[in-house]
Amino acid sequence: MPEAVIDLRAVGVRLGDTPILRNLHLRVAAGEAIGLIGANGSGKTTLLRLLATLLAPTDGEGAVLGVSLRSPERFAVRPRIGLIGHTPGLYPQLTLEENLAFIARIAGISAAAVHEVLDGVGLGLARHRRAAACSHGMQRRGEFARVMLTRPDLLLLDEAHAGLDPQAAELVAHLVNGARRRGGAAVVVSHEPGRISPLVDRFVELQAGAIAEPGTGRP
Amino acid sequence: MTGLWRQAWEVARKDLRTELRTGEVLMITVPFGAAALMLIPLAIGVDAPLLERVGPGMYWSVVLLFGVLVTVRQSAADGPAQMDLLTLLGLDPAARFAGRAGASTLLLLVFEAVLAPIALALYGNDPRGWWWVLAVLPLVALGLGLLGTLAGAIAASVASTTLVPLIVVPLSVPMLLAAAQVTEGIRVGATIFGWLLLLVVMDLLLAVAGVLSARPLQEATR
Amino acid sequence: MRRKVWLDVAAGALLAGALAAALAVPPERNMGDLARIMFVHVPAAWLAYLAFAVTLVGSVAYLATSRMKWDRLAAGSAEVGVYFNGLTVALGMIWGKSTWGVWWTWDARLVLTAIMFFVYLGYLGLRRGIADPVARARRSAWLGVLGAVQIPIVHFSVVWWRGLHQPPSVIRPGGVQMDTEFRLALAIAVLAFTALYAALLRRHMENALAEEALAARLASEEVEVAGAAITAPRYGEVD
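Chain order of the listed sequences is A, B and C.
Quick note on numbering: this note's numbering labels position 141 of the first sequence as 141, and the sequence is numbered without any gaps.
Quick note on numbering: this note's numbering labels position 85 of the second sequence as 85, and the sequence is numbered without any gaps.
Quick note on numbering: this note's numbering labels position 181 of the third sequence as 181, and the sequence is numbered without any gaps.
Read the hints as simulated data drawn from the structure, not as lab findings.
None of these values were measured; they are calculated from a predicted model.
For each residue, glycine too, the CB sits at the ideal point set by N, CA and C.
Be aware that one or more of the hints could be misleading.
[Claimed, not checked] Anything over 10 Å on all C-beta distances counts as not near chain C; from chain A, calculated:
1) 10
2) 30
3) 68
4) 73
5) 110
6) 162
7) 166
8) 169
9) 182
10) 192
11) 195
12) 204
[As the list claims (entries may be wrong)] Ranges between beta-carbon positions, derived for each pair:
13) 65(B) - 218(C): 40 to 46 Å
14) 209(C) - 53(B): 53 to 59 Å
15) 87(A) - 106(C): 46 to 52 Å
16) 163(A) - 79(B): 17 to 23 Å
17) 59(A) - 207(C): 25 to 31 Å
[Unchecked claim] With the C-beta cut set under 7 Å, the calculated list includes, among others, these residues of chain A facing chain C:
18) 20
19) 42
20) 208
The following block holds chain A by itself, in its conformation from the complex (with noise of 0.2 Å):
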C-alpha cells in the first residue's frame, strides 16, 4: 500500500468548456478517512469520481493508490475502489440477492459470502425481494452490502447518511474503519458534518471548486 492513498497536485477538471474544480492539492495518507464538505454544486460528486479514476484530470497531475489517474494502469486499480453514490447502482428488476450475486461473480469473489453480508446489514430476511420494491434506505443498505463484499482500500461514500436510520448509520462507521483498518482511506461526503465528525480525522471543504481552509471560507 503506497503511503499516500489520495495524492492530487493542483487538479482540475472541466466538463466540455465548464470548469468544476481548480488547483486542487490534497493528500490522504494510508489509514486516514476524511470528511468531504461544501456547498451545493461546490464540486463534491465530481471529485468523488475523479478519486474513483471515472473521470481524467484535465489539469495538474493526480494519483490513487499509487497509480496515476491519466495512465492505462487505472483500470487494474479500480476493482480496490468502492464508490456509493447518489443513485443505488442496483438492477431494480434483480431481487437483492441476485444482485450482489451478480457483482460477485463479476468481481470474481466467491457467492458464498453473500448471505453473510446481506445479514450483516440487515437484509437477509428481504434478499429475495426486487431492488425496485425496496425503499431507498434499504437499497442504500444494499450498496452497503456490496462495499463489504468487494472490501475497497479507498472507500468513497457519497451523502453517506442520507435516508439512513440509526442502526444503519452505525454501518457508515464500520464500513469507514474497515477500509482504514486494511491500510486504505476513507472519503465521506456529508452534509452534516457534525453526524460524520467521530469518523473523520480531517475535514476538506470544497468551495466552488477549489478546497477551503475548513471554517475559514477562504481557499
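Since chain A is already given, all that's left is putting chains B and C on it; use the hints.
Just chains B and C now, with coordinates in the frame of chain A:
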C-alpha cells in the same frame, strides 16, 4: 480469455433474466412487429398473389426495423449508476459488449421465430423446402444484435431510442438484402451461398469492431 | 484574424471557368441541354464520396493521435459532404424524371448514395447530441470508422442485388455520349468542385478552431466555476 467469456456470460444472463421479468420484448416489441405485418396488407391491398410475392420481403423489413427496438430496449439500458458500478468492478468493456450483444441476439431470434409463422399465415407463403432460411435467421439475429449494441455504445445516452435506429438502419442494408435474396433464391432455385457468406463476413466485422471499440467508448464519458 | 483567401479565389475562378465550359459545350446528341446537369451531378457525386473518405481518414487519425484537428477535419468534411450528397440525389432524381419519366430508379449507385446520406445524417445527429468535445470526437470517430467499413459492404451488396434483377431497358449509368469537348468540360467541373470542397472544408475547420479557442479562453482562471452559480438562499425574499 476464460475470464472474459465468464463475465460476458454473466452480463447476458442478467439481461435475459431482466427481460424475463419485464417482458419488454415478448409483450411489447413482438406484438408491435406483428401489428406492423398486419398493417401492410391493409395499406397495399389484400390481393393474394401480391401478398405472397411481397411476404418474405415484408417479414425481413419488419425484423430489421422493429428488431432494432429490441437492442435499445429500456430494460437493458444501464443507467449512470450501473455504469459506474460495472466500471469499478473491473468488468471488461469487451465482455460487456459481448454479453449485451449475446442477449440481444437471443431475443432477436425469439422475435424472428414468433413473427415467422405470423408472416407465413398473413401473406400465404408455403415454407416447405425453405430449410436454408433456418441458417439465415441466426445470422441476421447476430448481425442485428451486434450492430444495435455497437450503435448503442457509440450513441451512449444521446437520445438512443431515436438515434440508434437511424444509425443502424442504413448500415443494415446488406443484411436485409442478403436475407431477402436467400429467401427469393430458394423460391426460384438460384444460388444463395454468396449471400450467406456476406452475412457471415458482416457478422465477423461487426464483432471485431464491437470488441475493439468497447474500452475507448466506455472511457469517453459524457 | 486575417483569413487567407487564395483558396476561395481559386475555387471561384475555377467555378466560373467550369460554368463557361459547361455552357460552351454544344447540346448533347441524345439529351440536348439536359445533359448539362451532368456538370453538377457528377462532381457532386464524386465529392460526396471524397468527403466520406476524408471523414474516414480524419476519424482513424483522431483515434490514433487524439489530436482535435483530425476531429475538425472529419466533422467538417461530413458537414460539407452531406450537402453534396443531398445535391447528388436531388439532381439524380431530376435527371431520372426528365430522361426516363420516373423520379426514382433502383439503380445501384443512386441507392448507395441515398444510403450514405442517412449515414451522414446519423453522424451529424450524434455530434449534435454530445456537449463534451473529447467525448464527441471519440464517439463520432468510431461511428466514422464503422460507417466507412460498412459502406463497401453495402455498395457490394446493392450492386450484386441489382445485377441479379433484369435491368430495366432504359437505365444505364450516364446514358450520355461523351465526346472530347464534353469530357474536358466535365474534367474542369470536377476540378472546380474539388476546389470548392477544399475551400468550404477549410472554412469549416477554421470556424471550428476559432470556436475552440474562444471556449478555451472562457475556461481559463478568470471564469467562475460552475459551483459559483449557486448561492445561499435568501428567505426574506421568498416569503
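Give me the numbers of the hints this structure contradicts, sorted from smallest to largest.
-> As far as the earlier hints go, not one is violated by this structure.
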